[in-house]
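For the sequence shown, this note's numbering begins at 235 and goes up steadily by one.
Take the hints with a grain of salt, since some may be wrong.
Unchecked claim - Distance ranges between label pairs, derived from CB positions:
| no. | residue 1 | residue 2 | range |
| --- | --- | --- | --- |
| 1 | A299 | D240 | 37 to 43 Å |
| 2 | Y325 | R303 | 43 to 49 Å |
| 3 | G381 | D318 | 18 to 24 Å |
| 4 | F248 | R378 | 32 to 38 Å |
| 5 | G345 | E320 | 43 to 49 Å |
Simulated from the structure, these hints should not be mistaken for lab results. All C-beta atoms in this analysis are idealised placements derived from N, C-alpha and C, irrespective of residue type, glycine included.
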Amino acid sequence: MTQRVDLATVMDRFAIDEVVTRYAVAVDDADWSAYRELFTVDGHADYRGAGGVAGRAGEVADWLAETMRLFPVRQHLIVNRRVDIEDLGGYPGDSAEALADYVNPMRMEAGDDFVSGGRYTFALVRTDGGWRLRTVVVHEKWRRAPGVLSAE
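Modelling step: build the complete structure from the supplied sequences, incorporating the hints.
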């Protein structure tokens with residue numbers, strides 16, 4: 235592997251990390267236009283693992299816009315990111331998968347705290363406009379809400 239290939243892989247990792255960060259910020263800031271722009275045209279999101287819906291990214295953005303009104307304060311933390319970029323014989327390809335853990339503290343309208351944690355699976359593809367999400371799948375492992383504690 236040459237230094238040029240190594241540099242391309244590092245740059246791809248930075249770009250993928252930026253997409254994951256922009257995803258969290260879009261959800262926290264209720265920026266549903268930015269959320270939609272992160273996905274490919276046929277992008278899909280699946281929140282069923284956290285009690286939500288699955289569908290095309292635009293449809294899921296509409297659902298999130300409505301649902302997140304229950305939580306006026308959100309701070310989405312995505313950590314422990316593991317990125318696997320397609321390997322084309324020592325050269326980076328145009329698809330990648332990222333696994334990342336999350337902790338999602340939120341404040342409900344009534345002032346109570348709601349916190350959940352779990353893992354995301356992101357499938358990404360390189361497009362003419364840069365890396366985009368093909369799919370996002372949420373795997374909630376635990377949650378703490380007023381009067382409720384659940385774990386996987």
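We went through each hint and held it up to the structure:
Look at A299 against D240: about 41 Å separates their beta carbons, and that is inside 37 to 43 Å. Checked against the hint of 43 to 49 Å, the pair Y325 and R303 passes, with Cβ atoms roughly 46 Å apart. Taken as a hint, the range 18 to 24 Å is violated for the pair G381 and D318, whose Cβ atoms sit roughly 40 Å apart. Checking the proposed 32 to 38 Å range against F248 and R378 shows it holds: the Cβ atoms sit about 33 Å from each other.
For G345 and E320, the Cβ-Cβ distance of about 46 Å falls inside the hinted range of 43 to 49 Å, so the restraint holds.
Violated hint: 3 only; the structure is consistent with all others.
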